[in-house]
Amino acid sequence: DTAVSQTPKYLVTQMGNDKSIKCEQNLGHDTMYWYKQDSKKFLKIMFSYNNKELIINETVPNRFSPKSPDKAHLNLHINSLELGDSAVYFCASSQEGSASTGELFFGEGSRLTVL
Amino acid sequence: DAKTTQPTSMDCAEGRAANLPCNHSTISGNEYVYWYRQIHSQGPQYIIHGLKNNETNEMASLIITEDRKSSTLILPHATLRDTAVYYCIVRAPHNFNKFYFGSGTKLNVKP
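Protein chains in written order, with my numbering: chain A, 1 to 115; chain B, 1001 to 1111.
One thing to keep in mind: the hints can contain errors.
Stated by the list, open to error - Result set (BS3-like, lysine-lysine): computed pairs, CA atoms no more than 25 Å apart in a straight line:
| id | chain 1 | residue 1 | chain 2 | residue 2 |
| --- | --- | --- | --- | --- |
| 1 | B | K1098 | A | K52 |
| 2 | A | K19 | A | K67 |
| 3 | B | K1106 | A | K36 |
| 4 | B | K1110 | A | K41 |
| 5 | A | K44 | A | K67 |
| 6 | B | K1003 | A | K41 |
| 7 | B | K1098 | A | K44 |
| 8 | A | K71 | B | K1098 |
Claimed, not checked - Short, incomplete list of chain A residues facing chain B, as computed with Cβ under 8 Å:
| id | residue |
| --- | --- |
| 9 | F42 |
| 10 | L43 |
| 11 | F90 |
| 12 | G102 |
| 13 | E103 |
| 14 | E108 |
Think of the hints as simulated: they come from the structure by calculation, not from any bench. Ideal placement from N, C-alpha and C gives every residue a C-beta, glycine not left out.
With the hints as extra help, turn the sequences into a complete structure.
Shown next, in the form of structure tokens:
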């Protein structure tokens, strides 16, 4: 079983469209994240949710709206897509409890191309 | 942001040990050192982490200096499949502290 799975793996769309990327983890972790990796390969954190509550929001535009229906899922919805949104988006999870040392586990990424 | 310094790239011969250094001179007492790698465009993969003692697992060994200001990741017998970008990150676990990924070290394992 894949620990952190994302869908779709590839997404090609036009500017101005709205799209979603889904993420699920079966590790029983309490915290999930979205990271963005642009063409320069820098990996930047966007959001973090702990038990369905937003913990980190790294000044991401309002067009990006994460939603966590339960602690095993964190979806990313993007409105009015722009060319600069083209990137690989990675979902990750970790366990933040005091008994854990908080390693991150990543999904395989979702490559978004905006034309 | 990223509190570590790593060389941009390194080469290693296949079968030899790869020693990847990382400087983290401002590390705090409760911060761990984590190592991840990213092979091509796959998701980053956890390798190992440590606080102050040296650590070893099936993938690698982590050597942390006594003052904790630097560390070295050792891949004992590098293979071509170990070619990747290796990231060294310091982070205090819990409290939802962020993992900041810097630019990492591109390790090229050559035949």
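Would you check the hint for K1003(B) and K41(A), treating anything up to 25 Å between C-alpha atoms as holding?
Between K1003(B) and K41(A) the Cα gap is close to 18 Å, so the pair holds against 25 Å.
So, E103(A) near chain B? Judge it on the closest CB pair being under 8 Å.
holds, 5 Å
Straight-line Cα separation of K1098(B) and K52(A) no greater than 25 Å?
holds, 17 Å
What's the verdict on K1106(B) and K36(A), does the C-alpha distance respect the 25 Å limit or exceed it?
holds, 19 Å
Satisfaction of hint between K44(A) and K1098(B), Cα-Cα up to 25 Å
Cα-Cα ~10 Å, so holds.
Are K44(A) and K67(A) close enough, with their CA atoms no more than 25 Å apart?
This hinted pair holds, its Cα atoms lying about 19 Å apart.
Once the shortest beta carbon distance from L43(A) to chain B is found, is it less than 8 Å?
With a minimum Cβ separation of about 4 Å from chain B (threshold 8 Å), the hint on L43(A) holds.
Chain B contact restraint on G102(A) - CB to CB distance below 8 Å
holds, 4 Å
Between the alpha carbons of K1110(B) and K41(A), is the straight-line distance 25 Å or under?
The hint holds at about 22 Å.
Checking hints one by one. Is F90(A) an interface residue toward chain B, by the C-beta closer than 8 Å rule?
Where the cut-off is 8 Å and the nearest Cβ of chain B is about 6 Å from F90(A), the hint holds.
F42(A) was flagged as interface toward chain B. Is the shortest Cβ-Cβ separation under 8 Å?
The hint holds - F42(A) has a Cβ within 8 Å of chain B, the shortest such distance being about 7 Å.
Does E108(A) hold up as a contact with chain B if the rule is Cβ-Cβ below 8 Å?
holds, 5 Å
When the structure is compared with the earlier hints, no violation turns up for any of them.
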